[in-house]
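Chain B: place on chain A using the hints.
Sequence lines, in order, name chains A and B. Position 312 of the first sequence, counting from 1, maps to 312 under the working numbering, and the rest follow consecutively. Position 11 of the second sequence, counting from 1, maps to 11 under the working numbering, and the rest follow consecutively.
Hint data in this document are derived by calculation from the structure and do not stem from the laboratory. Keep in mind that the hints are not guaranteed to be accurate.
Given that identical chains are not distinguished, each listed pair holds provided it fits within a single copy or across any two copies.
Claimed, not checked - Derived DSBU-like pairs: lysine-lysine, alpha-carbon spacing no greater than 30 Å straight-line: (1) LYS38 to LYS265; (2) LYS357 to LYS191; (3) LYS177 to LYS357; (4) LYS299 to LYS191; (5) LYS223 to LYS265; (6) LYS38 to LYS248; (7) LYS248 to LYS223; (8) LYS231 to LYS248; (9) LYS38 to LYS185; (10) LYS177 to LYS38.
There are 2 protein chains.
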Amino acid sequence: MREVAIVSAGMTRFGELWESSLRDLFAEAALEALAAAKVDRLDSIVVGCMSGGQFVGQEHIGPLMADQIGMAGVAATHVESACASGGVALRTAFLEVASGASDLVLAAGVEKMTDGADVTAVLATAADQELEAFHGITFPGLYAMIARAHMQANGTTEEDLAWVAVKNHRHGALNPKAQFAREVKLEEVMKSSMVSDPLRLLCCSPVSDGAAAVLLCPLEHAKRYTDHPVKIRGTGLATSTMALADRKDPAFLDAVQLSGERAYKMAGVGPADIQVAEVHDCFAIAEICCIEALGLVEKGAGRHAARTGLTALGGKIPVNTSGGLKSKGHPVGATGIAQAIEIFEQLRGGAGARQVKGARIGLAQNMGGSGASSVVHVFEGV
Amino acid sequence: MREVAIVSAGMTRFGELWESSLRDLFAEAALEALAAAKVDRLDSIVVGCMSGGQFVGQEHIGPLMADQIGMAGVAATHVESACASGGVALRTAFLEVASGASDLVLAAGVEKMTDGADVTAVLATAADQELEAFHGITFPGLYAMIARAHMQANGTTEEDLAWVAVKNHRHGALNPKAQFAREVKLEEVMKSSMVSDPLRLLCCSPVSDGAAAVLLCPLEHAKRYTDHPVKIRGTGLATSTMALADRKDPAFLDAVQLSGERAYKMAGVGPADIQVAEVHDCFAIAEICCIEALGLVEKGAGRHAARTGLTALGGKIPVNTSGGLKSKGHPVGATGIAQAIEIFEQLRGGAGARQVKGARIGLAQNMGGSGASSVVHVFEGV
Chain A
1 MREVAIVSAG
11 MTRFGELWES
21 SLRDLFAEAA
31 LEALAAAKVD
41 RLDSIVVGCM
51 SGGQFVGQEH
61 IGPLMADQIG
71 MAGVAATHVE
81 SACASGGVAL
91 RTAFLEVASG
101 ASDLVLAAGV
111 EKMTDGADVT
121 AVLATAADQE
131 LEAFHGITFP
141 GLYAMIARAH
151 MQANGTTEED
161 LAWVAVKNHR
171 HGALNPKAQF
181 AREVKLEEVM
191 KSSMVSDPLR
201 LLCCSPVSDG
211 AAAVLLCPLE
221 HAKRYTDHPV
231 KIRGTGLATS
241 TMALADRKDP
251 AFLDAVQLSG
261 ERAYKMAGVG
271 PADIQVAEVH
281 DCFAIAEICC
291 IEALGLVEKG
301 AGRHAARTGL
311 TALGGKIPVN
321 TSGGLKSKGH
331 PVGATGIAQA
341 IEIFEQLRGG
351 AGARQVKGAR
361 IGLAQNMGGS
371 GASSVVHVFE
381 GV
Chain B
1 MREVAIVSAG
11 MTRFGELWES
21 SLRDLFAEAA
31 LEALAAAKVD
41 RLDSIVVGCM
51 SGGQFVGQEH
61 IGPLMADQIG
71 MAGVAATHVE
81 SACASGGVAL
91 RTAFLEVASG
101 ASDLVLAAGV
111 EKMTDGADVT
121 AVLATAADQE
131 LEAFHGITFP
141 GLYAMIARAH
151 MQANGTTEED
161 LAWVAVKNHR
171 HGALNPKAQF
181 AREVKLEEVM
191 KSSMVSDPLR
201 LLCCSPVSDG
211 AAAVLLCPLE
221 HAKRYTDHPV
231 KIRGTGLATS
241 TMALADRKDP
251 AFLDAVQLSG
261 ERAYKMAGVG
271 PADIQVAEVH
281 DCFAIAEICC
291 IEALGLVEKG
301 AGRHAARTGL
311 TALGGKIPVN
321 TSGGLKSKGH
331 PVGATGIAQA
341 IEIFEQLRGG
351 AGARQVKGAR
361 IGLAQNMGGS
371 GASSVVHVFE
381 GV
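The shape of chain A in the complex, shown without the other chains:
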């Protein structure tokens, strides 16, 4: 298997971007990534998008996007894994380069969520249609159940959840691409309206438009395109049951653990080696569960991590320095690539005010549904 590197990145601002369509968003991010590497040709494009069909009436996303950037002809593939679509796109592109089939592959993610679709209903199609969605439950409800189970098992409190939001907004306030680039106070979070008990509005990620793209090539070619490439050392993809009720412990995200183990094994590292991480905080409770499942903290200890500063900038293992899904925004198909971009910048010293000093090894974890799919990548600055 060939070694693979990321050599450039491009990303739109995340937010309610009324002036930009699905294809506009993709093109902005893709062309920025191509320009940064001074590249005007590609062998292949892999695009993550959860549901162009339901959100904006557009399937066949691969060729559409190739055409939109003037590259009709190039190979193009669309992958979907709900909110993990971006991370799975990165993995698919990685395997294409690793196999030797392609040398220059753009891995991108995009979603246009604010064009009038019933967003909560569309997102609910990522749950089990027969066992969950049909009966009316949506994702705030599913994650509220995860939160309740975590509270019961570990004594987690509403305030523990709120601290995750406070920390991630503090990070996001330093990110000019973030949808909500501003700090929030603990009491604001605790007083925000209840969405699905115990999850309050400020513990939930927003509805967003946006796109992100990274350019991959064999590591041995990387210096042609940048002085500071970042190597993809490991990839891990795993699944769990679709329905939350089918899991032994709803507060433990087994697909996250399994995807992490696979990525660590391939990378030849362990959780203790990770110096900066982006994890899937679609709801505050998700960040707590994810850092536990990835072994970044002990099982049951995740509830303390944000409050004590362990996972804050300046802490032992900064998590979601980008602001996370919570503050940066969550255009679902784009999220996994945006996470990879944050780690890419951190490992090449390009994260500006959010820079984790001396970070050399980092991780991005992207999740679909209530944890039925999870994909982890381990990166190293070279």
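For chain B alone, coordinates are given in the frame of chain A:
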């Protein structure tokens, strides 16, 4: 890059399968493929499906299907390229095995189209939403324009189109899995109702439910699972403009040509080496255009191929021995895998009454939209 083989296959009957849901269809095909190879574990699943979201309110197809066959945990990826989703799933699975990342990968395709969705409107989301679908054109209209352009350039007649249907139904009559396993007469086709001038009902593929799956592994492991593996010698994926009107010649499918050239090059063969082929006959005119673009006949000569028997069973280069999309049915996400299965069986001597004697090298070509994406695989019996 590792060499890759198909070692087993499974497939539902194609048709209006009222008793089976999306997940039921997948499981039937997947479990048949696993049983045939006596395998009870997988490293990864790649599923092609055009639009679970729009057809049956279900996204997140990868983990759902892993869960449905009792394999929650395994890596699972869903790919979409409209009606080429199955072919792109095969390619994605091929690259995963070729890379060395996985040893046992199930490549599957599935679609459930008869559950009440407005099928023509859903399929139209594979066209360009802004330049085509928004203005009301659907695929029968787009292919009718391709047919008119082909008629104007080459003198193609309605009867030439009808002969494609007659030939493919003659083949499909020998296929117990086909949706319309019966012959049709030329005059029946010519008298069938006009769908979109010059395309009559019997020149259009039907609306179908179905699933298909093949098991891939490194060629060097193949004999563990079967005495008659089939090697994947080449894969080629290409795109064209999304909108038909943006192409220089609407009657020439340039993505089909390009995907074919890429697959031939990788396989080290040319069109003259192909002994049996499945091509994407969603409408009769598509088969004519595809065999021309793939170089199986001269440009402009495609119109004669079915009538003269060149592409019939017993002819020089039998095309769509399965019955094609026309007679076998076209559950869009499943089609590309079903095509691969027909060639798999032909190259291992398992095609029964449809067997092409002594076939050693074959090809499958699967297309999305009005030809905005096309994927070709070249296979060899070993």
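Homomeric proximity label, LYS38 with LYS265: Cα distance no greater than 30 Å | Classified as between: cross-chain Cα gap 28 Å, same-chain 34 Å, threshold 30 Å.
Alpha-carbon proximity between LYS223 and LYS265, which holds within one copy, between copies, both or neither at 30 Å = Answer is both; intra-copy 27 Å and inter-copy 29 Å each pass.
With 30 Å as the alpha-carbon cut-off, assign the pair LYS248 and LYS223 to within, between, both or neither.
-> neither (47 Å within a copy, 38 Å between copies)
Copy assignment of LYS177 with LYS38, given that the CA separation must stay at most 30 Å | This pair counts as within: shortest intra-copy Cα distance 22 Å, inter-copy 51 Å.
Please work out whether the CA atoms of LYS38 and LYS185 approach to 30 Å or closer within one copy, between two copies, in both situations, or in neither?
-> neither (43 Å within a copy, 58 Å between copies)
How would you classify LYS177 and LYS357 at a CA-CA limit of 30 Å: within, between, both, or neither?
-> within (21 Å within a copy, 62 Å between copies)
Alpha-carbon proximity between LYS299 and LYS191, which holds within one copy, between copies, both or neither at 30 Å | Within one copy only: 28 Å inside a chain, 71 Å across chains, cut-off 30 Å.
Evaluate LYS357 and LYS191 at a C-alpha cut-off of 30 Å and name the case that applies: within, between, both or neither.
-> Neither, since 35 Å and 76 Å both go past 30 Å.
Since the copies are identical, ignore which copy is meant and state whether LYS231 and LYS248 lie within 30 Å (CA to CA) inside a copy, between copies, both or neither.
-> For LYS231 and LYS248, neither the intra-copy (36 Å) nor the inter-copy (41 Å) Cα distance is at most 30 Å.
Checking LYS38 and LYS248: alpha-carbon separation at most 30 Å within a copy, between copies, both or neither?
-> For LYS38 and LYS248, only the inter-copy Cα distance (29 Å) is at most 30 Å; the intra-copy one is 50 Å.
Comparing the model with each numbered hint stated earlier shows that hints 2, 7, 8 and 9 do not hold.
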